[in-house]
Amino acid sequence: MRHGVARFVTGFLALPLGLYLFYVVWPFVQAAGYSLTDWGGYSDTQNFVGLDNYVRLLSDELIRKAFWHNVFFLITVPLFTIALALFLAFLLNVGGREDRAGIRGVFGSGIYKIIFFFPQVLSLVVIAVMWQQIYRSDGQGLINGLMIKIGLVDADNPIAFTSDPEPFLGVPAVLWWLLVIAVWSGAGFYMVLFSAAMQSIPKDIYEAALLDGASRFHTFFRITLPLLRDTVSVAWVYLGFIALDMYALVFVMTPSQGGPNHASEIFASVLNFTAFQKGQFGYACAMGVALAIFTILLAAAQLRITRRERIEY
Amino acid sequence: MSTATHDGLTRPEQSPGTSPEGGADGGSTAATVGGRLFNGFSHVFLLVWAVMVIYPLLWVVMSALKTDSEVIRHPLSLIPAKLNWDNFARAWSAGHLGSFFLNTVLVLAGSVTLTMLLGSMAAYALARYEFRGNRLIYYVFLSGLTLPVYLAAVPLFKGVYNTSVYLPLLGPNKHLMLILVYVAWSLSFTVFFMHSFFRTLPNTIAEAAMVDGASHSRLFFSVMLPMSKPGLISIGIFNVLGQWNQWYLPTLLMQSVAGEEKNQVIAQGLIELSVNQGYKSDWSGLFAGVTMAMLPVLVVYIIFQRQVQSGLTAGVGK
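Chains as they are written, first to last, in this note's numbering: chain A, 1 to 313; chain B, 1 to 318.
Calculated directly from the structure, the hints in this document are not laboratory data. Just so you know, not all the hints are guaranteed correct.
To spell it out: a stretch of chain B is covered by chain A in this simulated footprint if at least three of its residues, at any positions, have a beta carbon under 8 Å from a beta carbon of chain A; those stretches are [claimed, not checked]:
1) 40-47
2) 118-124
3) 133-143
4) 149-157
5) 236-248
With a cut-off of at most 30 Å between alpha-carbon atoms, the simulated DSS-like pairs for lysine-lysine come out as follows [said to hold, decoys possible]:
6) A:149 with B:82
7) A:278 with B:158
8) B:174 with B:158
9) B:174 with B:262
10) A:278 with A:65
11) B:82 with B:158
12) A:278 with B:262
13) A:278 with B:174
Partial list, derived from the structure: chain B residues whose beta carbon lies under 10 Å from chain A [stated by the list, open to error]:
14) 191
15) 215
16) 222
17) 225
Here a beta-carbon is modelled for each residue, glycine too, at the ideal position from N, C-alpha and C.
Could you put together the complete structure from these sequences and hints?
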């Protein structure tokens with residue numbers, strides 16, 4: 001059995017590991033190295049500057065702004081997506097009629113599930129370009145057009161959507177409009193996920209609750225939701241990653257990729273701007289390392305907080 | 001656990017033939033009325049959300065069939081006066097959608113195949129063989145899941161650029177390079193997913209095959225890999241969608257360095273058309289481009305919706 005194991009394992013691992021080390025690990029290691037220099041990216045001169053770039057990060061106005069925008073998405077994207085997805089899954093699974101067998105799911109739930117999942121298979125780019133047309137700030141856009149037609153919006157003063165830097169609840173309006181897209185595209189996927197989890201909860205638990213006279217709202221909040229805790233917390237972690245990666249939307253949808261007037265900057269857009277427009281590669285790499293550390297800490301924290309004893313059934 | 005064992009409360013109604021008067025004998029009348037109301041509310045809300053998902057998509061598809069002046073004068077109408085299929089022809093040739101498609105298909109054909117092959121080979125070796133450094137290599141693969149791609153952007157481009165001196169085929173703007181980069185960046189999740197899958201396969205079959213004189217690689221290719229079909233389908237769908245939708249890596253790496261034509265993939269090309277307003281006066285053409293990028297995926301999804309849904313949600317469930 002052990003014969004030739006070493007040769008076999010080497011043979012199987014060499015190519016994948018080699019590719020991975022060259023195209024993924026090595027660039028990361030280099031980035032960490034560059035972050036300690038003042039390299040501009042296009043010149044050959046680079047001087048070691050120690051932690052200067054990191055010190056500079058702390059006092060960078062733009063970075064601070066981007067950081068808070070990231071935090072905004074980090075909280076709102078999971079919150080709204082999960083709330084909506086849970087609500088949809090709830091309607092889908094217990095919104096049907098009651099009969100001898102208990103409360104049923106809504107008629108046609110299979111079709112709803114197929115439709116709600118649509119945005120998940122579309123590329124973020126297709127979604128972004130499509131929403132750019134929906135959000136057009138003249139009568140040609142889908143929303144402005146509809147609103148002008150029914151008289152809710154003045155044709156001379158349409159909604160500016162992603163070029164609106166005015167704060168709403170303390171956060172630039174453009175970020176809220178981007179949030180709408182993120183929730184629109186994510187809700188269906190998590191609804192399918194929650195729906196599957198709800199269906200794997202055994203029926204006898206509900207039967208017992210029904211015998212005790214529980215209503216469907218009671219059973220949802222007292223039984224379904226607590227038993228979904230694991231799935232919801234995993235969804236929270238995944239949506240956290242998605243929230244950190246709103247770059248495609250910012251890139252396609254906002255004026256000058258992070259505008260107007262830096263109102264929608266996030267970490268990734270500042271990083272790209274610094275590296276490719278300003279030509280400060282060393283500094284941009286320091287931002288990237290900071291972002292990576294932030295991501296890893298966040299993932300670890302979330303996994304720790306949400307870890308709990310599983311209920312087996 | 002099969003759904004058949006727990007229909008009732010949580011199971012969505014699969015057959016429309018449930019008796020409508022069934023609620024009459026259970027509980028009070030008030031509860032039934034409440035149930036009816038709630039049932040109606042569920043339908044309304046679900047329908048509203050369904051419209052919110054479908055309407056924008058339909059609007060894009062129908063706008064793609066309008067003339068430019070129709071797009072401007074009647075932006076909201078869903079029914080064009082005449083179906084202008086030439087928008088698609090124009091986007092396909094003048095808008096370069098055709099070559100974007102060709103590039104995407106060429107790259108994906110190589111990258112998805114290689115990702116699946118190399119990913120399951122690595123996962124298999126790590127999951128079923130003990131050797132020094134096993135855990136270390138596994139965690140190195142895993143770490144790629146948390147690191148943001150933007151961080152690696154500059155050194156990655158530089159690395160690819162430098163490689164082209166020795167191996168021109170692996171330089172910027174080359175299909176083969178993009179294939180290898182996609183594979184490398186997809187390995188983390190593929191290894192992670194298949195690793196947990198290979199762990200669940202029974203030992204007895206492997207031992208039986210070894211007793212019959214199969215070599216380690218024979219065992220993998222003729223016994224273990226066929227047994228992992230469900231896992232392979234899931235991760236395969238995940239990779240096809242993920243790589244089809246990839247936009248950052250191609251935007252970074254498929255740049256022209258010596259003034260030659262860029263070999264753009266579909267997502268990258270659409271962004272450029274949209275951001276650079278290459279279609280400034282050609283709205284219907286832009287809609288046609290988006291439609292062409294969107295419809296194939298949607299059609300494939302509708303055909304394989306069960307597999308796609310379980311494939312993608314399995315990725316989160318692990």
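Here is what the structure says about each hint:
Coverage of the segment 40-47 of chain B by chain A holds in this model, with 5 residues showing a Cβ closer than 8 Å to a Cβ of that chain against a need of three. Restraint check on the segment 118-124 of chain B versus chain A: 5 residues with Cβ-Cβ distances below 8 Å, three needed, restraint holds. Counting residues of the segment 133-143 of chain B whose CB lies closer than 8 Å to any CB of chain A gives 3, so the stated coverage by that chain holds, three being the minimum. For the segment 149-157 of chain B, the stated coverage by chain A is satisfied: 7 residues place a CB nearer than 8 Å to a CB of that chain, which reaches the threshold of 3.
Beta-carbon proximity to chain A at under 8 Å applies to 5 residues in the segment 236-248 of chain B; the threshold of 3 is reached and the given coverage holds. Between the alpha carbons of residue 149 of chain A and residue 82 of chain B the distance comes to roughly 23 Å, so the proposed pair stays at or under 30 Å and holds. For the given pair, residue 278 of chain A sits about 17 Å from residue 158 of chain B by alpha-carbon distance, which is consistent with the 30 Å threshold. A distance of roughly 15 Å separates the Cα atoms of residue 174 of chain B and residue 158 of chain B; the hinted pair therefore holds under the 30 Å criterion.
With a C-alpha separation of about 9 Å, the suggested pairing of residue 174 of chain B with residue 262 of chain B holds against the 30 Å cut-off. Note on residue 278 of chain A and residue 65 of chain A: the hinted pairing holds, with a Cα-Cα distance of about 18 Å set against a maximum of 30 Å. Between residue 82 of chain B and residue 158 of chain B the alpha-carbon distance is near 50 Å, which puts this suggested pair outside the 30 Å criterion. Simply put, residue 278 of chain A and residue 262 of chain B have alpha-carbon atoms about 24 Å apart, close enough for the 30 Å limit, and the pair holds.
Taking the CA atoms of residue 278 of chain A and residue 174 of chain B, the gap is about 27 Å. The hint holds against a cut of 30 Å. The interface hint given for residue 191 of chain B is met, as the beta carbon of that residue sits about 8 Å from the closest beta carbon of chain A, less than 10 Å. Annotation: interface hint on residue 215 of chain B holds; nearest CB of chain A at approximately 7 Å, less than 10 Å. Because the beta carbon of residue 222 of chain B sits about 15 Å from the nearest beta carbon in chain A, more than 10 Å, this interface hint is broken.
Checking residue 225 of chain B against chain A: minimum C-beta separation of about 12 Å lies over 10 Å; hint violated.
When the structure is compared with the earlier hints, violations turn up for hints 11, 16, 17 and for no others.
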